[in-house]
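Residues per chain are reported as follows:
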Amino acid sequence: MTALASAKDTGTVEQTTSASPKRVIDIDNLSLTFETNDGPVHALADIDLKIDEGDFVSFIGPSGCGKTTLLRVIADLERPTAGSITVNGVSPEEARLNRAYGYVFQAAALYPWRTIAKNVALPLEIMGLPKAEQQDRIARNMDLVNLSGFEKKFPWQLSGGMQQRASIARALAVEPDLLLMDEPFGALDEIVRDHLNEQLLQLWAKTNKTVVFVTHSIPEAVFLSSKIVVLCPRPGRIYDVIDSDLPRERNLDIRETPEFLKIAHRVRDGLRAGHSYED
Amino acid sequence: MSIQTAAKRRIDMPALLAWFVVLMVIVGLFSPIFGPDYGVMDVPSLAVCLVILAIAGVRYELGFMRNLIGDLILGLVAATSAWLLVSTVSQHVGEAKLGFWALVVATWAASWLFVERLALWKSRSQSLARIVNLAIPAIFGITLLVLWQLVVTGAGVPKVLLPAPSEIWLRLINSVPTLWADFQQTFLKAVLAGYIIGCGSAFLIAILVDRVPFLRRGLLPIGNLVSALPIIGVAPIMVMWFGFDWPSKAAVVIIMTFFPMLVNTVAGLAASDAMQRDLMRTYASNYWQTLFKLRLPMAMPFIFNALKINSTLALIGAIVAEFFGTPIVGMGFRISTEVGRMNVDMVWAEIAVAALAGSLFYGAVALIERAVTFWHPSIRG
Chain A
1 MTALASAKDT
11 GTVEQTTSAS
21 PKRVIDIDNL
31 SLTFETNDGP
41 VHALADIDLK
51 IDEGDFVSFI
61 GPSGCGKTTL
71 LRVIADLERP
81 TAGSITVNGV
91 SPEEARLNRA
101 YGYVFQAAAL
111 YPWRTIAKNV
121 ALPLEIMGLP
131 KAEQQDRIAR
141 NMDLVNLSGF
151 EKKFPWQLSG
161 GMQQRASIAR
171 ALAVEPDLLL
181 MDEPFGALDE
191 IVRDHLNEQL
201 LQLWAKTNKT
211 VVFVTHSIPE
221 AVFLSSKIVV
231 LCPRPGRIYD
241 VIDSDLPRER
251 NLDIRETPEF
261 LKIAHRVRDG
271 LRAGHSYED
Chain B
1 MSIQTAAKRR
11 IDMPALLAWF
21 VVLMVIVGLF
31 SPIFGPDYGV
41 MDVPSLAVCL
51 VILAIAGVRY
61 ELGFMRNLIG
71 DLILGLVAAT
81 SAWLLVSTVS
91 QHVGEAKLGF
101 WALVVATWAA
111 SWLFVERLAL
121 WKSRSQSLAR
131 IVNLAIPAIF
141 GITLLVLWQL
151 VVTGAGVPKV
161 LLPAPSEIWL
171 RLINSVPTLW
181 ADFQQTFLKA
191 VLAGYIIGCG
201 SAFLIAILVD
211 RVPFLRRGLL
221 PIGNLVSALP
231 IIGVAPIMVM
241 WFGFDWPSKA
251 AVVIIMTFFP
261 MLVNTVAGLA
271 ASDAMQRDLM
281 RTYASNYWQT
291 LFKLRLPMAM
301 PFIFNALKIN
311 STLALIGAIV
321 AEFFGTPIVG
331 MGFRISTEVG
341 RMNVDMVWAE
351 IAVAALAGSL
361 FYGAVALIER
371 AVTFWHPSIR
381 G
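Line order of the protein sequences matches chains A and B. First residue of the first sequence? That's 1 in this note's numbering, and the numbers climb one at a time after it. First residue of the second sequence? That's 1 in this note's numbering, and the numbers climb one at a time after it.
Fair warning: there could be bad hints in the mix.
[To be verified] With a Cα cut of at most 25 Å, we get these calculated DSS-like pairs of lysine-lysine:
no.	chain 1	residue 1	chain 2	residue 2
1	A	K118	B	K293
2	B	K293	A	K131
3	A	K152	B	K293
4	A	K153	B	K293
5	A	K206	A	K50
6	B	K97	B	K189
No wet-lab data here; the hints were simulated from the structure. Predicted, not measured: the structure shown is a model, and the values here were computed from it.
Okay, chain A solo, but in the shape it has when bound:
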């Protein structure tokens, strides 16, 4: 079963030698320990991970395995206590200051005093872009997430799914090459989730962005990813990295195919083995 991924893989293991895609994230022996009153908590331990341009990488694992923390380390929202990490070849802090990534949070986190269009404009205002450019990007990205016509609505007037789409438009408006998404569809129902998954895949296929996606849904991870990272808790570490050989162009029907189910099975095995049921 483990042979499946590596056998057909064309360019993940040896890609550094061939005409390789750019390395976007390079994590080496990284650890993160939180000092709490009850003693140290090892959130992440000995993480090694390389992510290349154009990858769609999912972090999957049970609660408390550190998948969100790892994403936050990449985004410079947490600092590692040991090891090294580079984003676009520089430190995460520099990458953040260069606005190298767009980050989508678990909740939409839209500002209720701003209309949807003004919410999408928020990062653009902070970047100090000219007004015309702002208008252009707002229109383009609202269209991309199918929210045209809702520019003047306030967040609380929209459904949860629409709010989350608006927050994706806001992250995309920065026009980053790297998109970091922390369980963005976790709070949505199955149908909306499927729909947004498809839209996200189309977007990825169209733009060749690098996406790092945190989820705890196996079908979602397998459906979206070109690479699946299975994490396990206490301490948070990588248990398995699965390179998916599913075609880049996919639709929801692929979830019924044997290839899909094989990968899903391997992910499930990894989750089960990595999860200690000691408590």
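Assemble the complex: chain A is given as a structure, and chain B must be docked to it using the hints.
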């Protein structure tokens, strides 16, 4: 089933009120209203009016004119009988007997009944609901004033204890120039200047306190201490420092308004949640951008809370401060001197002006709040 029983258990207030009105009118019609042999029949218009009132009251229970017109008639007749009672009692000050009180109570109950009926119209349409929403507190206020008038004149309460609203009103319109001068001195100068300086400086210092952790530990306790100073003790000192004119009163207002504004603004600046701050961090937003685009908007509900509290505190502070030395003008000065001269109606006139000014001030701040924090769940509804 359960809904029906619940409805049955509730007291049918309108019916109770209606029959109470009838009872009181009957008592009123058959007992003397002023003196031993002065019955209601000596004022025919009042008698007729009250009979109509009783009929209009119970019409709903008896099952005719159960509509808007019937309700309006009830309201109009209640107003007329109130006016007739007021005008008759003014010729018989302090002579009221059982019949008069019964009629007063009947009129009051009828106006209550009218408001009950009015509240039921609310559901019909949007614009009607708005009018009713304004009418209900207005009618309530007028009812209170009329009752005050009737009780004070009917029972002949001495003017020094409690003047009738009509006397206060007379005094008010006859001394507009004095009241206006007092209002200018106290409100337009001391209160507004003190309010703006107090709230403004507290706002700026709150931002400073928030930025510098050392100040949070150093300045907040001092602010707390200053706010705990008794205004009665501070006011004379301020008069010694800043003289008799309005600046000393403005200083008292500053001391009173500073702390609520400081504490609320500091709390408001901390109101944004972690995810919102992380969001700004991912945009590499600097301190000022985060302040203006996230933290200040988030703090607005807190800030407006302080501004509303301070709008009434400021007026109290300025009036009290004038008790401790002032030129011969000002609302607090007028109140303290007119009380000494037993001109209680003038005191009440000043109180009325202060109440009106305070309410309008508060209302203005609340209106601005609605416009600024339209997005807050407490306002968007």
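Consistency of the hints with the structure:
| no. | hint | result |
| --- | --- | --- |
| 1 | A:K118 with B:K293 | 11 Å, holds |
| 2 | B:K293 with A:K131 | 17 Å, holds |
| 3 | A:K152 with B:K293 | 18 Å, holds |
| 4 | A:K153 with B:K293 | 19 Å, holds |
| 5 | A:K206 with A:K50 | 23 Å, holds |
| 6 | B:K97 with B:K189 | 49 Å, violated |
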